[in-house]
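The primary structure of each chain is shown beneath.
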Amino acid sequence: MENKKTENGSTNRRKFLKLGLMSSVTAVAGASLISNLVNDEEVKPSGEKMRLLTPDGKIVEVDASNVNKYPEALITPEESRKGIPNRKFVMVIDLAKCKNARKCVEGCQKAHKLDYNEEFMKVQLIQDNPEASPYWLPKPCFHCDEPPCVTVCPTGATFKREDNIVLIDNDRCIGCKFCITSCPYSARQFNWGHKDKFDDKSQPYSPETSVPAAEGTVMKCDFCPDMLRQGKLPHCASSCPMGVIYFGDKNEDIVTNGEETVRFSKLIEDRGGYRHLEHLGTKPNVYYLPAVNRQFPLERGFNIDEDIIERYKDVPYVQQLKKDGKI
Amino acid sequence: MKRNIFKKATSISFILALLFSISTFSQELTVDDYKLSFSFKTIKKFDNSRVLEVTFIGKNREDRKDKIPVYDAEIKFFNIVNGEEILLGTAKTSNEGIAQLILSEKQKYLTDSDGYINFTARFEGSETLDSEEEEILVKDLQLHLELKEIDSVKTIFVKAFTIDSLGVETPVEELDVIISIEGMLSKMKIKEGTIENGEIEFELLQNIPGDIDKNFTVYAQILDNDEFGDVIQKQTVNWGTFTKIASEDENKLWSEAAPIWMYIVLTILLVGVWANYVYTVIHLIKIKKEGKNLELSNKE
Amino acid sequence: MNIETRKRELVKEFSPLIEKTTKVSKIWMAILVAIILVGIYSFFVQLFKGHEVTGMRDNVVWGVYIINFIFFVCLSYSGAFISGILHFFKTPWKNSISRIVEIITVLSLIIGPIFILLCIGRLDRLHYLFLYPRIQSPITWDIIAIMTDLIGCFIYLYLTFIPDFAILRDHSDDAPKWRQKLYKFLAIGYQDTESQRETLHKITRTMSAMIIALAIVAYSVLAWIFSLTLQPGWNSSIFAPYFIIAGLYSGVSVIIIAMYLIRKYYHLEHYIRKVHFVSGGIILLILSLLYGYFTFSEYFSRWFSHKTHDTNLLNTLFTRYFWEFVFANYIGVLVPVVILFFKKLRTIKSITFASIIAILGLWLNRYLIVVPTLETPYLPIQDTRAEFVHYTATWVEWSLSFAGVAAFILFFILIMKLVPIIPMSGIIDNERSSKVKSTLTKPVTES
Chain A
1 MENKKTENGS
11 TNRRKFLKLG
21 LMSSVTAVAG
31 ASLISNLVND
41 EEVKPSGEKM
51 RLLTPDGKIV
61 EVDASNVNKY
71 PEALITPEES
81 RKGIPNRKFV
91 MVIDLAKCKN
101 ARKCVEGCQK
111 AHKLDYNEEF
121 MKVQLIQDNP
131 EASPYWLPKP
141 CFHCDEPPCV
151 TVCPTGATFK
161 REDNIVLIDN
171 DRCIGCKFCI
181 TSCPYSARQF
191 NWGHKDKFDD
201 KSQPYSPETS
211 VPAAEGTVMK
221 CDFCPDMLRQ
231 GKLPHCASSC
241 PMGVIYFGDK
251 NEDIVTNGEE
261 TVRFSKLIED
271 RGGYRHLEHL
281 GTKPNVYYLP
291 AVNRQFPLER
301 GFNIDEDIIE
311 RYKDVPYVQQ
321 LKKDGKI
Chain B
1 MKRNIFKKAT
11 SISFILALLF
21 SISTFSQELT
31 VDDYKLSFSF
41 KTIKKFDNSR
51 VLEVTFIGKN
61 REDRKDKIPV
71 YDAEIKFFNI
81 VNGEEILLGT
91 AKTSNEGIAQ
101 LILSEKQKYL
111 TDSDGYINFT
121 ARFEGSETLD
131 SEEEEILVKD
141 LQLHLELKEI
151 DSVKTIFVKA
161 FTIDSLGVET
171 PVEELDVIIS
181 IEGMLSKMKI
191 KEGTIENGEI
201 EFELLQNIPG
211 DIDKNFTVYA
221 QILDNDEFGD
231 VIQKQTVNWG
241 TFTKIASEDE
251 NKLWSEAAPI
261 WMYIVLTILL
271 VGVWANYVYT
281 VIHLIKIKKE
291 GKNLELSNKE
Chain C
1 MNIETRKREL
11 VKEFSPLIEK
21 TTKVSKIWMA
31 ILVAIILVGI
41 YSFFVQLFKG
51 HEVTGMRDNV
61 VWGVYIINFI
71 FFVCLSYSGA
81 FISGILHFFK
91 TPWKNSISRI
101 VEIITVLSLI
111 IGPIFILLCI
121 GRLDRLHYLF
131 LYPRIQSPIT
141 WDIIAIMTDL
151 IGCFIYLYLT
161 FIPDFAILRD
171 HSDDAPKWRQ
181 KLYKFLAIGY
191 QDTESQRETL
201 HKITRTMSAM
211 IIALAIVAYS
221 VLAWIFSLTL
231 QPGWNSSIFA
241 PYFIIAGLYS
251 GVSVIIIAMY
261 LIRKYYHLEH
271 YIRKVHFVSG
281 GIILLILSLL
291 YGYFTFSEYF
301 SRWFSHKTHD
311 TNLLNTLFTR
321 YFWEFVFANY
331 IGVLVPVVIL
341 FFKKLRTIKS
351 ITFASIIAIL
361 GLWLNRYLIV
371 VPTLETPYLP
381 IQDTRAEFVH
391 YTATWVEWSL
401 SFAGVAAFIL
411 FFILIMKLVP
421 IIPMSGIIDN
431 ERSSKVKSTL
441 TKPVTES
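Chains as they are written, first to last, in our numbering: chain A, 1 to 327; chain B, 1 to 300; chain C, 1 to 447.
No lab work stands behind these hints, which were simulated from the structure alone.
The reader is advised that the hints may include incorrect statements.
As the list claims (entries may be wrong) - Here are the simulated DSSO-like cross-link-like pairs (lysine-lysine), alpha carbons at most 27 angstroms apart as the crow flies: (1) B:K288 - C:K417; (2) B:K299 - C:K184; (3) B:K65 - A:K58; (4) A:K88 - B:K244; (5) C:K49 - A:K195; (6) A:K82 - B:K244; (7) A:K88 - B:K214; (8) A:K250 - B:K187; (9) C:K90 - B:K286; (10) A:K232 - B:K187; (11) C:K49 - A:K197; (12) B:K189 - A:K250; (13) A:K88 - B:K189; (14) A:K103 - B:K187; (15) A:K82 - B:K252; (16) B:K59 - A:K232; (17) B:K189 - A:K266; (18) B:K244 - A:K283; (19) B:K214 - A:K266; (20) B:K187 - A:K88; (21) A:K113 - A:K195; (22) B:K65 - A:K232.
Build out the structure end to end from the sequences listed, making use of the hints.
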């Protein structure tokens, strides 16, 4: 009897979460937290560690799967094709505020269990012409309204949802890589070889989390629908210290970077928002605010790993800096 | 013998490895490197329930960015009057270091002679962590939010007053209030002002889309007030201007079903080709039959 | 009865080709098998270690495999196209080469798609193509086109084999039992009666027309895999006709080389004559001019309009890929044109040499269509890992490529062991018709 009850409870909660509502999630999570810690033999370690201070004064590193158990509201590949009802997600990236702190990249990599060189969010250094001043361009997947990648997929493994998000179901992907060649923004990546992390089945696969990835399939930025269902910002937006990345629902015309919340239309209107490579007609859902009246000099962005600076060696500006011996 | 030595070697190396790992572990930060911060606040919600919330976090003394939540610490919440402690409940801190106690609308609180409620949150401490305590004094504020259309101008009325033990309403003076609209991920501030003589009104001139049914929720918030803590009131209204862009379920290149002409062309092509194949095979069978007949007649 | 004796003569003439295996050809077959075995080994390496063993990475996701795929499939389509034309228009000197063309068609259509399978990350999910098909995807079109074409070509090839199977059945009394049985089964009771012959001719003719149409469709679909994307080097409206011409160019070249080798090693100088090489050479000349014209238009319009991303691509082609570009698009076109243009230069050897140059140039041209385009995407590649910036094929890819070529040659040799490479029925048909036509002069076989 008792078992049945808890089962019911959990399915109810699943349904509840799937509706995309989020109030009082923290309270419930708090309750399940302790029980998870108690019978931790059942939970397989996810490898991700979390530092906590216990009341008896010890700093412990707990496996994140013990504490931060993924929401029971697992969205199956079939369900993930529908999208969150009545939403149209957009992202606005304020280039004037970006200083290549790379926190968005790191936050995204941590959440999606990506390796050092695997980046769903890339920060590129773009110099449109030799005279133009270069700027940092954080580049996620653009989740186009007319996505060329979805058009060419032979099995429907990548799909466009009603809430604007373009996802990949890596259970369906056959790895033909046609989508990679047809994406004009190089947003997609392929899993060329086997990695141990693919075998970690502690967290059931969902296209909404893109975890675990699978060998021989394609992956890319997913706009973190699992976070959105909990009413939270995607990982890149929430980890940016500068508030560069705004995210929100175009239907309600509100976007937020976690600190300030503004009207999407007004932001685009006032700041001259544009979309990258508009002439290709893919109708991206990621908007950029031009890098004018910058908050940081570009050089701040070079305060990073040597090999990441190496990436930008072909940019004329960087070549000049090297000539002048500044790098 | 050799095997034994081998075994020993492995066990020694194992112990060495263990020692090494312990020594590296001990070099890590300890609790002494952190300054504990214990902050307590109260929020009165729109359903008149009250949330008591403690944030218990250790902050690194050297590295400001390094914060570590205190996890699973038991926090006791009291209502104190004249030294008399009434336990309201206990809560444990989450993995974000937050302990919350939600008190329903029916919960009664004892007040002092000036009408203040004393809330105290206490962590009783452990062998290594000191005890922490913080108290706040708040008055129970009645915040009312009313949304009306006056001469086709959408207007937001906010009223704020306190009720004393005799049931007399006293309007509040000089209270900052923020009006915001609920979004999916956060609230968007649209107006702010100061309540004078217990009320304030705002005109909502901008168009708010709202949800698919043109509903949206307006919040009136009083934040971090010395006298009242946090007070939130909300109201949902059908003032939205949302218009749905009708472009769904069309057969497109990127939709699930293909444009119809594609099916037609493909069918015509395939039927044409396969009809020809079938035609050829039928004729081959004819040739075979004729060959068989010939063979039979030759035998005869 | 005259015909029957002639048939017996022909069987006697060709049976050494079929039944005897010389030492040289045994050695050749052993070498080919060895190359194929190495290929199979590298296939397993790739299967177990993943696509990491190839030179392909996130930017250049398609490499030598896809190039071989287009190369072989184009070869096959052009074979189908040519043999369809030979049959449909009853070309006078077709008999000696029609079987070569048909075998090339079928073999390359079997080998080509294997290369695309090598490029697929999850072979275990191949059936998803049929479980969850999406009609919008050019890959789906391509799969349908290849499969339909493969079946069509098999039927067509079989139709042209039937009369020879019948002759072999009736006249190879000395052959081993299994051969006799096989011929009997494959000949499906064809007795070369008037009505049977007429039916067979009729259906072969309609099939040949169908094969031409199919080849054009299949070519275009293949070209669309590239030209329907937004990539600067691919998004071109002339890609479909360009692929047809390029395919025919490689097809005719391969036919000429095959003719040369077969003539030389099987001593068929009587059947495969200089006239075949010269006419093949003239067709190759026309095709090389057309191919050069298309190549020029393609790059010229990109160069003249100089859109940023097109210019980037051209810069790559003229710096990093300079010699490849020169070989593919200058030497690969001009050398055949020069050799074939002057009557004096048209010898059997020089025509074959021109064909070899043409094939190599064309393969490189394919390489330059696929790889540099992927190396110059719209947004610059900013990566420190060399293998992610530039593509170089690994030994796994090369050995599988060579295994494909080896398999092509090996199967060719094996099919030649089953039926004579020169259709006997065709010789007889020719003799029959020339007898009817010419009563004045002594009949001369067309061959």
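Tell me the hint numbers this structure goes against, listed in increasing order. Every hint satisfied by this model.
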